[in-house]
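2 protein chains.
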Amino acid sequence: MRKSNLSWALLVALGLPLSSAAFAAETHIPDEVVKDATTLRDRALNDDTAWAIVESLTTEVGPRLAGSEGDARAVAWAKAKFKALGYDKVWTQDVTFPKWERRSEHGEVLGHSSQALALTALGGSPGGTVQGEVVRFDSLKALQAVAPGSLKGKIVFVDVPMPRARDGHGYGVGASVRRRGPGAASRAGAIGYVMRPAGTDWHRNVHTGMTGYDDQTPIPAASLSNNDADQLARLVALGKTEIKLALDCGFNGTYTSQNVIGEITGSGKPDDIVALGAHLDSWDLGTGAIDDGGGIALTMAAGHLIKQMKTRPIRTIRVIAFANEEQGLWGGRVYAESQKDKIRRHQMVMESDSGPGIIYAFGGSWGTEAEKAVKQMYDVIAPLGIAYTPQQGNAESEMELMQGSGAAAAAFAHDASRYFDLHHTPNDTLDKIDPKALQQNTAAYAAVALMAANADGSLGSGPALVKAKP
Amino acid sequence: MRKSNLSWALLVALGLPLSSAAFAAETHIPDEVVKDATTLRDRALNDDTAWAIVESLTTEVGPRLAGSEGDARAVAWAKAKFKALGYDKVWTQDVTFPKWERRSEHGEVLGHSSQALALTALGGSPGGTVQGEVVRFDSLKALQAVAPGSLKGKIVFVDVPMPRARDGHGYGVGASVRRRGPGAASRAGAIGYVMRPAGTDWHRNVHTGMTGYDDQTPIPAASLSNNDADQLARLVALGKTEIKLALDCGFNGTYTSQNVIGEITGSGKPDDIVALGAHLDSWDLGTGAIDDGGGIALTMAAGHLIKQMKTRPIRTIRVIAFANEEQGLWGGRVYAESQKDKIRRHQMVMESDSGPGIIYAFGGSWGTEAEKAVKQMYDVIAPLGIAYTPQQGNAESEMELMQGSGAAAAAFAHDASRYFDLHHTPNDTLDKIDPKALQQNTAAYAAVALMAANADGSLGSGPALVKAKP
Numbered sequence: 001m002r003k004s005n006l007s008w009a010l011l012v013a014l015g016l017p018l019s020s021a022a023f024a025a026e027t028h029i030p031d032e033v034v035k036d037a038t039t040l041r042d043r044a045l046n047d048d049t050a051w052a053i054v055e056s057l058t059t060e061v062g063p064r065l066a067g068s069e070g071d072a073r074a075v076a077w078a079k080a081k082f083k084a085l086g087y088d089k090v091w092t093q094d095v096t097f098p099k100w101e102r103r104s105e106h107g108e109v110l111g112h113s114s115q116a117l118a119l120t121a122l123g124g125s126p127g128g129t130v131q132g133e134v135v136r137f138d139s140l141k142a143l144q145a146v147a148p149g150s151l152k153g154k155i156v157f158v159d160v161p162m163p164r165a166r167d168g169h170g171y172g173v174g175a176s177v178r179r180r181g182p183g184a185a186s187r188a189g190a191i192g193y194v195m196r197p198a199g200t201d202w203h204r205n206v207h208t209g210m211t212g213y214d215d216q217t218p219i220p221a222a223s224l225s226n227n228d229a230d231q232l233a234r235l236v237a238l239g240k241t242e243i244k245l246a247l248d249c250g251f252n253g254t255y256t257s258q259n260v261i262g263e264i265t266g267s268g269k270p271d272d273i274v275a276l277g278a279h280l281d282s283w284d285l286g287t288g289a290i291d292d293g294g295g296i297a298l299t300m301a302a303g304h305l306i307k308q309m310k311t312r313p314i315r316t317i318r319v320i321a322f323a324n325e326e327q328g329l330w331g332g333r334v335y336a337e338s339q340k341d342k343i344r345r346h347q348m349v350m351e352s353d354s355g356p357g358i359i360y361a362f363g364g365s366w367g368t369e370a371e372k373a374v375k376q377m378y379d380v381i382a383p384l385g386i387a388y389t390p391q392q393g394n395a396e397s398e399m400e401l402m403q404g405s406g407a408a409a410a411a412f413a414h415d416a417s418r419y420f421d422l423h424h425t426p427n428d429t430l431d432k433i434d435p436k437a438l439q440q441n442t443a444a445y446a447a448v449a450l451m452a453a454n455a456d457g458s459l460g461s462g463p464a465l466v467k468a469k470p
Numbered sequence: 001m002r003k004s005n006l007s008w009a010l011l012v013a014l015g016l017p018l019s020s021a022a023f024a025a026e027t028h029i030p031d032e033v034v035k036d037a038t039t040l041r042d043r044a045l046n047d048d049t050a051w052a053i054v055e056s057l058t059t060e061v062g063p064r065l066a067g068s069e070g071d072a073r074a075v076a077w078a079k080a081k082f083k084a085l086g087y088d089k090v091w092t093q094d095v096t097f098p099k100w101e102r103r104s105e106h107g108e109v110l111g112h113s114s115q116a117l118a119l120t121a122l123g124g125s126p127g128g129t130v131q132g133e134v135v136r137f138d139s140l141k142a143l144q145a146v147a148p149g150s151l152k153g154k155i156v157f158v159d160v161p162m163p164r165a166r167d168g169h170g171y172g173v174g175a176s177v178r179r180r181g182p183g184a185a186s187r188a189g190a191i192g193y194v195m196r197p198a199g200t201d202w203h204r205n206v207h208t209g210m211t212g213y214d215d216q217t218p219i220p221a222a223s224l225s226n227n228d229a230d231q232l233a234r235l236v237a238l239g240k241t242e243i244k245l246a247l248d249c250g251f252n253g254t255y256t257s258q259n260v261i262g263e264i265t266g267s268g269k270p271d272d273i274v275a276l277g278a279h280l281d282s283w284d285l286g287t288g289a290i291d292d293g294g295g296i297a298l299t300m301a302a303g304h305l306i307k308q309m310k311t312r313p314i315r316t317i318r319v320i321a322f323a324n325e326e327q328g329l330w331g332g333r334v335y336a337e338s339q340k341d342k343i344r345r346h347q348m349v350m351e352s353d354s355g356p357g358i359i360y361a362f363g364g365s366w367g368t369e370a371e372k373a374v375k376q377m378y379d380v381i382a383p384l385g386i387a388y389t390p391q392q393g394n395a396e397s398e399m400e401l402m403q404g405s406g407a408a409a410a411a412f413a414h415d416a417s418r419y420f421d422l423h424h425t426p427n428d429t430l431d432k433i434d435p436k437a438l439q440q441n442t443a444a445y446a447a448v449a450l451m452a453a454n455a456d457g458s459l460g461s462g463p464a465l466v467k468a469k470p
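Heads up: the sequence lines are chains R and P, in that order.
By UniProt numbering, the letter at position 314 of the first sequence is numbered 314, and the numbering carries on one by one without gaps.
By UniProt numbering, the letter at position 308 of the second sequence is numbered 308, and the numbering carries on one by one without gaps.
One should not assume that every hint holds.
Pairs involving identical chains hold if they fit within one copy or between any two copies, as the list cannot separate such chains.
Okay, derived cross-link-like pairs now, DSS-like style, lysine-lysine, Cα gap no bigger than 30 Å in a straight line [to be verified]:
{"id": "1", "residue 1": "Lys342", "residue 2": "Lys83"}
{"id": "2", "residue 1": "Lys83", "residue 2": "Lys240"}
{"id": "3", "residue 1": "Lys375", "residue 2": "Lys83"}
{"id": "4", "residue 1": "Lys375", "residue 2": "Lys99"}
{"id": "5", "residue 1": "Lys244", "residue 2": "Lys307"}
{"id": "6", "residue 1": "Lys240", "residue 2": "Lys372"}
{"id": "7", "residue 1": "Lys244", "residue 2": "Lys99"}
{"id": "8", "residue 1": "Lys141", "residue 2": "Lys310"}
{"id": "9", "residue 1": "Lys141", "residue 2": "Lys372"}
{"id": "10", "residue 1": "Lys79", "residue 2": "Lys240"}
{"id": "11", "residue 1": "Lys310", "residue 2": "Lys152"}
Worth flagging that the hints you see were computed from the coordinates, not collected in a lab.
Treat the numbers as computed from the prediction; the structure is a model and nothing was measured.
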């Protein structure tokens, strides 16, 4: 049901709740805003700000494991970068979490086929040196089905290949083997745990990532490369195979990092926010280019390019470089908690945390009053080769927390076919970013953010929207 | 000049030198031999013996650095495998060489961009921990041009990218930077040496390989990954960059390994040899699948398949699994020395040491009397998609020594486009071998070897052929 701008203005004047679908006026993107967003889109397609940002972050800071010295340098870098990019306001939120350290790691096959195994400790693993016979499982379920205590003295090997997919859906199984496997192995009495990685590459790269132990006793847990998983599977098939796992890692106190937040202050509704997020931390093995340097770069660049426009946006553009996503959305939870009474103030949220691959679809969740406005946004980015998937898709990571609380969310689906070759590996380096894809990404985020900031009404944020979340 | 078989028989009876082109009879492959070779070719195209061999070697033995415990296991494996494959005679030659060991290695950028650098010690490097400012050179020549002593206390970085090519020609430059760079750096007074690898991959793999110091004082020398070379180049461009290099490696006494030789004894001329070679050792980082497990597999399989034929070959098929190729053709030199008076007894030599990629060309060097016979060989393998490049191409590695002494040689050009992504890296693992290409390789080597063994005359081996070598 279409409403005129007049009746919308009337509703505002009457102070009626904008987010209630029953009474909400239909929101619209004014023509001049569509025109500005189109200009912004085309400018972003030829701009290398995002590239310069990610080059700077991955080169000058490099790896930035949450709680490490690189984390501190990344925070300083982000504050300086926001300022250099012309953001009006830069502020931080403290984020405190248990500090996990990786010091050294080594794996080897013992006996008549003795050889090194490329592996890496899973985040959250305790240190320890264990050796024992390998028992292979071809599913997590099979491991979970064994009797408690029945694998006493063994080292569990869960060997589940992860399928490659544009939408990255194969990560669901892989990540679940990583998160739940060590606890299940511990419950069965095993002294150690190795797994085929939650990753799709065969370049001898190890894939780290967070694990947990549910309520079981933590045991040393590591991920092999896919090549080493192949090798171990062949050796186990040939006969009894013993391996040694020597991990020096573990939790060591707590650390306080920061969410670093840059804002382009809105000219008309400065307390209303279009929030763009990505995470500043990375795993330690690579330089965190695709996970999530690209996200940091394109969101920072989007705000910068909006600031360069002749007209300042009506609502505030807020870009958040989140602390410690990798070990459990620590920064995202601090932000969401701090904004729990300001969900309605979030005109729209969006995030980039599945790599800066080409965006192939645009969706999200929003109120019914925003259907036309979001379609207008889509029409501006459609020429970038993007399909429309209205009311589908998650904002990802930290912003999914906000979406879950009812913030209207844009969800950009990036091609993740290669993402799980790289993420959490030593091979997540700058050369993996396609500069053209990064420009397309920046163009899409910037154009949508600008239109959201300058829409003539709400996009439906508020607790009532929670049910609309896919 | 064509000669009849009769006049060839007459020359033999008169004891005239066969290798002298002026008097040599024209050699021919009898029709039934061509037919057998065609059958053998087609059988090899559907046979998985070579795959089973390389799977066994890379899995059960794994890495086999010359002088390591893996070297000893590889020798035992090769002896057992030749026997299991039905070779008539298995014998060894001792090969003694200086033993180089890699124990640990670490590199890092110091200061405000501190971060780890993926690197690996070059074979032959001494151990040592050094730190200093990086001086980058974009060519070996530029480094060689600096004044002696002018880089005192510095760490040299030679940054020359290696081009990808089907014929692998880019390795020439890369390997020369590796072999000559450390000596040139030492001469200039540098305390350490790092280089962009002699390799074409961007998967964060380090590429090792042998270096030397000419007459200069050895200094710690390592190769970065291409990604880390990019990173170091960017950091150096930003300003003064210090790195630390901590290598624990070096020569440690001598070691005696063995060339392992399997023979299918010839039925008519058992002292005449068709020799197929590959090297049994590998670098330690990977499992030596493409370098040179594939070569070991296809030469061993070729002999085995020839043995399976109804008729035993007239000349002996000799397959040599050479010791320590990687550190300087040690096994090849022992073999060549042992055969220096038997060049004429080598009907033909061939080797596989540029990876088991698809063979796209067949050439080599042979006497003029063998021109027709070699063309007949080519005609049998032409349907495998192979071009003919007569009197061109080197037999490679160990067999190039024999070719250089005048042995007639078959040279198979394997597609090496991907070879330098993998060789000498941790990523040289079984999954990199294309089973279909390995079958094509085996088919070509086996068919040519059989025809050489059953030719009705010489292929021209002898010192006189040396000038024919390209």
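Results of checking the hints against the structure:
Proximity of Lys342 to Lys83 under the C-alpha cut-off of 30 Å is restricted to the intra-copy arrangement: shortest distance 25 Å within a copy versus 78 Å between copies. For the homomeric pair Lys83 and Lys240, the shortest alpha-carbon distance between copies (25 Å) is at most 30 Å, but the shortest distance inside one copy (60 Å) is not. Taking the shortest Cα distances, Lys375 and Lys83 never come within 30 Å of each other, neither inside one copy (33 Å) nor across copies (73 Å). In this homomeric assembly, Lys375 and Lys99 never come within 30 Å of each other (Cα to Cα): the closest approach is 44 Å inside a single copy and 70 Å across copies.
When the C-alpha separation of Lys244 and Lys307 is checked against a cutoff of 30 Å, the pair qualifies neither within a copy, at 56 Å, nor between copies, at 42 Å. In this assembly of identical chains, Lys240 and Lys372 lie within 30 Å of each other by CA distance neither inside one copy nor across copies; the values are 64 Å within and 55 Å between. With identical chains, the CA atoms of Lys244 and Lys99 are at most 30 Å apart both within one copy (26 Å) and between copies (26 Å). For the homomeric pair Lys141 and Lys310, neither the shortest alpha-carbon distance inside one copy (58 Å) nor that between copies (53 Å) is at most 30 Å.
In this homomeric assembly, Lys141 and Lys372 never come within 30 Å of each other (Cα to Cα): the closest approach is 45 Å inside a single copy and 65 Å across copies. In this assembly of identical chains, Lys79 and Lys240 lie within 30 Å of each other by CA distance solely across copies; the values are 24 Å between and 55 Å within a copy. In this homomeric assembly, Lys310 and Lys152 never come within 30 Å of each other (Cα to Cα): the closest approach is 69 Å inside a single copy and 55 Å across copies.
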